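J.: For reference, each letter of the sequence shown is one residue, going 0 to 385 in numbering that gives the first Met the number 0.
Think of the hints as simulated: they come from the structure by calculation, not from any bench. Just so it is clear, the structure is predicted and the values come from calculations on it, not from any experiment. Just to be clear, a hint being listed does not mean it is correct.
[Unchecked claim] Cross-link-like lysine-lysine pairs, in silico, DSSO-like; alpha carbons within 30 Å at most:
1) Lys379 x Lys281
2) Lys147 x Lys283
3) Lys141 x Lys83
4) Lys83 x Lys44
5) Lys141 x Lys76
6) Lys179 x Lys84
7) Lys84 x Lys341
8) Lys281 x Lys179
9) Lys379 x Lys341
10) Lys83 x Lys147
11) Lys283 x Lys305
12) Lys44 x Lys73
13) Lys73 x Lys83
14) Lys44 x Lys84
15) Lys281 x Lys305
16) Lys147 x Lys179
17) Lys84 x Lys147
18) Lys84 x Lys73
19) Lys283 x Lys141
20) Lys341 x Lys83
[As the list claims (entries may be wrong)] Label pairs and their in silico Cβ distance ranges:
21) Glu80 x Glu60: 46 to 52 Å
22) Tyr128 x Ala21: 57 to 63 Å
23) Arg133 x Glu60: 47 to 53 Å
24) Lys281 x Pro362: 36 to 42 Å
25) Arg217 x Arg133: 55 to 61 Å
26) Lys73 x Glu10: 31 to 37 Å
27) Arg96 x Glu64: 37 to 43 Å
We put the CB at the ideal spot given by N, CA and C, even for glycine.
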Amino acid sequence: MQRHRPAYPQEFRQQIIELVRAGRTPEELSREFEPTAQTIHNWVKQADLDEGRRTDGLTTEERDELRRLRRENKQLKIEREILKKAGGLVRSGDRFRATEVFEFVRANQAEFAVRTLCRVLGVSPSGYYAWRDRPPSARDVKNGQLRKRMREIHTFSRGTYGRPRMYAELRDEGHRVNHKRVARLMRLDGLEGATRRRKWRTTKRSKDARPAPDLVERDFAPGGPDRLWVADITYIPTASGFLFLAVVVDAWSRRVVGWSMETHLRTALVLQALDMALWQRKPKAVIHHSDQGTQYTSIAFGLRCKEAGVRPSMGSVGDAYDNALCESFFATLECELIERRKFRNQAEAKMAVFDFIEAWYNPHRRHSTLGHRSPLNYEKHHAPAA
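Modelling step: build the complete structure from the supplied sequences, incorporating the hints.
T.: Right, dumping it as structure tokens:
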């Protein structure tokens with residue numbers, strides 16, 4: 000293995016530079032002494048820059064300053080990453096037990112140096128090592144078990160669960176924890192929930208349409224299942240074009256009871272979603288609430304509703320609050336699936352959306368408005384007596 004040669008002494012380099020300035024060539028000197036001709040060229044150029052003989056580069060002092068600034072910038076970047084990952088563990092004016100900080104240091108020492116972690120978080124390395132080497136307490140053992148289970152839950156949630164849903168999951172499993180403990184343990188492993196954004200509107204109102212009356216008036220709290228359905232359309236971008244998704248959601252349980260996916264926005268898209276909901280639920284005089292998009296105001300859709308005994312209802316134009324439940328579902332779909340995936344084509348997106356609705360959202364995804372239960376779980380435990 001080639002060994003790195005120590006740097007030449009400054010006095011040696013200065014003598015070589017003087018010989019070049021006296022008329023000797025770097026090539027000639029490289030044959031007489033060890034440095035290569037290119038090394039000698041570099042020494043002469045740097046000396047000329049330092050002495051002001053040329054201005055087409057940085058002086059040694061400027062190079063040293065640039066290195067120092069780069070080191071500082073790298074250190075600041077590391078410190079920002081630590082503070083960001085620590086989250087609420089380090090906030091001005093708050094006091095935390097040293098144990099909480101030490102737990103964070105141990106959980107992140109593979110990524111950051113222990114001394115750097117301790118300095119940024121305001122604890123001593125000796126204090127950390129003394130804590131680390133103590134036998135684990137019963138609480139430490141329990142926290143380790145909880146953290147392992149929380150990582151499993153977070154993976155099962157497809158990386159979407161934040162503190163409220165993680166807390167609900169643990170409580171349902173019988174773990175005696177509070178919100179603060181859950182938040183602290185999640186921070187140690189960098190577990191975070193998904194953040195929702197609002198989705199774009201895809202339906203357009205026809206100027207000649209005769210919309211149905213608004214039978215809901217923003218009251219999305221029916222007393223039981225299949226009394227009020229809400230419906231809307233969104234789109235999923237793929238590398239080969241858009242996939243359009245129409246859904247029908249039961250307002251009582253938040254369950255997606257009907258859905259359809261196509262590469263077009265024709266009325267057939269919403270008819271298929273309605274037919275699935277009718278086939279699954281077989282409702283009596285259910286209200287079907289949507290916006291005033293052309294698909295929902297079409298003659299074909301109106302006839303299908305009349306034939307099935309469905310009472311169509313439509314909100315005002317361009318007001319997301321008039322169909323807030325569907326807007327909420329689409330926002331969840333976007334942040335928990337669409338923003339996290341790049342689909343090659345519509346077929347790939349269709350499989351992913353099917354899996355999201357039927358394998359995750361309906362049976363497992365917890366909702367705060369349902370007491371942190373999933374739609375299917377809520378229907379199972381809260382269905383009114385026949």
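J.: It remains to establish, for every hint, whether it holds in the given structure.
T.: Do the hints match the structure? See the list:
{"no.": "1", "hint": "Lys379 x Lys281", "verdict": "holds, 17 Å"}
{"no.": "2", "hint": "Lys147 x Lys283", "verdict": "violated, 47 Å"}
{"no.": "3", "hint": "Lys141 x Lys83", "verdict": "holds, 26 Å"}
{"no.": "4", "hint": "Lys83 x Lys44", "verdict": "violated, 44 Å"}
{"no.": "5", "hint": "Lys141 x Lys76", "verdict": "violated, 34 Å"}
{"no.": "6", "hint": "Lys179 x Lys84", "verdict": "holds, 17 Å"}
{"no.": "7", "hint": "Lys84 x Lys341", "verdict": "holds, 26 Å"}
{"no.": "8", "hint": "Lys281 x Lys179", "verdict": "violated, 44 Å"}
{"no.": "9", "hint": "Lys379 x Lys341", "verdict": "violated, 35 Å"}
{"no.": "10", "hint": "Lys83 x Lys147", "verdict": "holds, 22 Å"}
{"no.": "11", "hint": "Lys283 x Lys305", "verdict": "holds, 12 Å"}
{"no.": "12", "hint": "Lys44 x Lys73", "verdict": "holds, 29 Å"}
{"no.": "13", "hint": "Lys73 x Lys83", "verdict": "holds, 15 Å"}
{"no.": "14", "hint": "Lys44 x Lys84", "verdict": "violated, 45 Å"}
{"no.": "15", "hint": "Lys281 x Lys305", "verdict": "holds, 14 Å"}
{"no.": "16", "hint": "Lys147 x Lys179", "verdict": "holds, 17 Å"}
{"no.": "17", "hint": "Lys84 x Lys147", "verdict": "holds, 19 Å"}
{"no.": "18", "hint": "Lys84 x Lys73", "verdict": "holds, 17 Å"}
{"no.": "19", "hint": "Lys283 x Lys141", "verdict": "violated, 51 Å"}
{"no.": "20", "hint": "Lys341 x Lys83", "verdict": "holds, 27 Å"}
{"no.": "21", "hint": "Glu80 x Glu60: 46 to 52 Å", "verdict": "violated, 31 Å"}
{"no.": "22", "hint": "Tyr128 x Ala21: 57 to 63 Å", "verdict": "holds, 59 Å"}
{"no.": "23", "hint": "Arg133 x Glu60: 47 to 53 Å", "verdict": "holds, 49 Å"}
{"no.": "24", "hint": "Lys281 x Pro362: 36 to 42 Å", "verdict": "violated, 21 Å"}
{"no.": "25", "hint": "Arg217 x Arg133: 55 to 61 Å", "verdict": "holds, 58 Å"}
{"no.": "26", "hint": "Lys73 x Glu10: 31 to 37 Å", "verdict": "holds, 33 Å"}
{"no.": "27", "hint": "Arg96 x Glu64: 37 to 43 Å", "verdict": "holds, 42 Å"}
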